Amino acid sequence: MGHRIALVGNPNSGKTTLFNGLTGSNQSVGNWPGVTIEKKSGKLKHQNFEAEIVDLPGVYSLSTISLEEEVTTKYILSKSMDLIVNIVDASNLERNLFLTHQLLDSSIPMIIALNCMDIAKAKFQDLNIPKLESLLGVPVVPITASKKHGLVDLIRVIEIANYEPRIPQKRYSEAIEKTILQFQSIVNDRFLATRFFEDGINVDKYSEHDELTKLTLQNALELAKKDYTLDFDMVLPDERYNLILTICNAVLTRNSVEIESSTDKIDKLLTHRILGLPLFLGIMFTVFYLSFGPIGTFITDGFVWLIEGFFSIIIGGIESVGMAPWVSSLVINGIFGGLAAVLGFLPQLTILFLFLSILEDSGYMARAAFIMDRVLRRFGLSGKSFIPMLIGFGCSVPAMAATRTLDKSEDRKITTMIIPFISCGAKAPIYGIIAGAIFASHSYLVVFSMYIIGIMVAIMSAILFKKTILKGASANYLMELPEYRMPTAKNTFLHTWERVKGFLIKAGTILLGAFIVIWFLSYFGFVDGTFRLLSYEEIEYSFLGLIGKALLPIFSPIGFSDWQATVAILTGFVAKESVVGTLGILYGVAGDVLESGTLLYPALQAAFTPLQAYSFMIFALLTTPCIAAIAAMKKELGSWKWLIFALVYELVVAYVAALLVYQLGSLGIGTLLTVLVFIVVIIIVFSTIRRIIKSKGSTCGSCTGCGIEGSCDIKSKRK
Amino acid sequence: MTLSELKPGESGRIIHVYSNNLRKRIIDMGLTNGTVIKVKKLAPLGDPMEILVRGYFLTLRKAEARTIEIERIGVDL
Ligand SMILES: Nc1nc2c(ncn2[C@@H]2O[C@H](COP(=O)(O)OP(=O)(O)O)[C@@H](O)[C@H]2O)c(=O)[nH]1
Ligand SMILES: [Mg+2]
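Chains as they are written, first to last, in the working numbering: chain C, 851 to 1569; chain Y, 9 to 85.
A few of these clues could be false.
Below are the DSBU-like pairs computed for lysine-lysine, each with C-alpha atoms no more than 30 Å apart in a straight line [to be verified]:
#1 Y:K15 / C:K1075
#2 Y:K49 / Y:K15
#3 Y:K49 / C:K1075
#4 Y:K15 / C:K1020
Here chain Y is said to cover these stretches of chain C; the calculated rule only asks that three of the stretch's residues, wherever they fall, bring their Cβ under 8 Å from a Cβ of chain Y [claimed, not checked]:
#5 906 to 918
#6 940 to 954
#7 1086 to 1093
#8 1220 to 1231
#9 1327 to 1337
Don't read these hints as lab results, they were simulated from the structure.
Predicted, not measured: the structure shown is a model, and the values here were computed from it.
Cβ coordinates follow ideal geometry from the N, Cα and C atoms, glycine included.
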């Protein structure tokens, strides 16, 4: 029972903020188009009133091109809600009212929530709401969702709203009304008729018609086309915008002098012709430097010291009580060994998440896409693909979901398949602990190189896919640049906390479980024919020891010299954090090791040469993602065939890259040189591929296949 | 002339939008015939471009901009 109310509006108009305000939930908001990619529902409770609120992905128009937008259009055309709350960004009235205008053709009851009143008040001299209400014919409630202003008023209006079907007004010119009526006589619905008018037979995706109706419609369409001089698909949008302009002029009093907005000022710098690109790279570098450089490491060391202290006390307690040996082994080696290694990275991850959240909330993400489009286009991607890739630095799972904002299925597939190469937050501890132990003062450079290599491999894979299995993929790019918004402390905190919480929950559930299993498999085994708990010196006889040793020949060409490393890599399949946890369990962060300085370092220093360490990290970086990401990947790719292909591809790439590093390095040229050689090799492969593209591929945006780069623009050809 | 030929700071009025991959979306986002647009800037690598249309900032590639026929106008938005 209770009404079902759908929030519909343009991307970035504040729907999710309002949804959170109405339902008291904490869905993530972000200042770039496409944050909400699936519909989510929650409960609105206010005194005696109860309703279900549905948050839908933002759309600019009901004629849709991307997958996430289809969710919204389908939902509206199926009339699954009792009331639409249309969120209109008051600071961007003209464009926002286009969708409103389309929605008004339907008979679904509707209320307008006029959001961002704080910005509108600063931007316009006056906004006449009663007049807007009377011109649109539906209630209009001014709100500022981010400050929770006006929500009570909105709820009251929702409560007393008329839930009977609305009768859409006739608003258009005679000729247009006539055409609508013609279509209406075929499909029996004014809303559907206007949709057909604007979107042509595309509408068929959302409502089933039999062949005869389709044919009649098509004929009616051909006939109607003759009545207009304007292109038929522009007739209705053009009429709408003209009507909207009249409305805007009637309700808005604009400031006589346009003041330069702060967005303008910031953008002058951040998307500057010359400074834009260096600034972008600088920002990225700064984020990673702060997270993994001296500062992040310093904080982490302090934190590790605390964990050590805490665990030592407990371990001391356990030992003094004198429990069964297997219990103390479980607690010391399994649980603490694993968790201590993972939790140590909480501070660094928090810093990384904090910066990602600020980037998302401020509106810089969209600028990054704008700046990078020209680059990504070469690889068959769009600047918009850059946003999922950036999110991928946090976690692959939401990153893969975010690919749904991309218009084309090839583009989506390519982006989804390369996201695992983007080093996610969970892989950071692997580099952190190994680079920290082995490369000491250069560790943040080593970590940074991991990120760069990940990005390069991702890009090369995109090119490869575009040239081979997804031929002719060419992504579209059309994107609104939202106004910069100062990330609010609360929002940033919530955003960061969400991710940190996710990490902690994972540590407390999946990882803890995995560590116990790993502990069992590595501390029990048959020695001298009896099955029993093994001591640390005997763990090579454990189950995992046997498996690791059996698989070692496969991994030894890439530099793995003991079974512990092999096993650790394998457990990354469960979650990338467990690689470090497993290292913790297997290299024994127990008892006395805990007291001797930074957790795992001495054991790792004994187990890895710098070269082996680098090769290990490369393999960990590039190999197949964790099970959660694989599930997300399956969902986005849609088929087992593609999924298996992607996974095999990643495995092969990881192996070959690690092999290259290790074998080159083994020639005895020193680690730093190896890294250099490796990067040079990448660049050579990279430019070869580029040459291949130049010789036969097309890279001109929307035109596919003319084969000569730049030939679409004769003037700019070979400047 | 087409939108791609406008320099940053210049304005134009749309005469026609020729077919391209994104035509429908471009129209729905407010680039209908007669609309006045102003070029804000080009991306650091020269493409895409940022325009001011109907009071908001839209970025599009030159490939699409080339399919939008405009006439240059002197007035400022
Ligand atoms: N100044 C201001 N910002 C807002 C308001 N409502 C939402 N925002 C911000 O607008 C951005 C987009 O909000 P979001 O809810 O994710 O929009 P959605 O894409 O429509 O779901 C976020 O950065 C919000 O903090 C408002 O009333 N005033
Ligand atoms: Mg949203």
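Against the structure, the hints:
1. Y:K15 / C:K1075: 36 Å, violated
2. Y:K49 / Y:K15: Measuring from Cα to Cα gives roughly 8 Å; hence the hint holds.
3. Y:K49 / C:K1075: The given pair, whose Cα atoms are some 37 Å apart, is violated under the 30 Å limit.
4. Y:K15 / C:K1020: 42 Å, violated
5. 906 to 918: Contact hint for the stretch 906 to 918 of chain C vs chain Y: holds, 4 residues under 8 Å.
6. 940 to 954: Check passed, 5 qualifying residues.
7. 1086 to 1093: holds (count 3)
8. 1220 to 1231: n = 6 at 8 Å, threshold three: holds.
9. 1327 to 1337: holds (count 5)
The structure does not agree with the numbered hints 1, 3, 4 stated previously, though it agrees with the rest.
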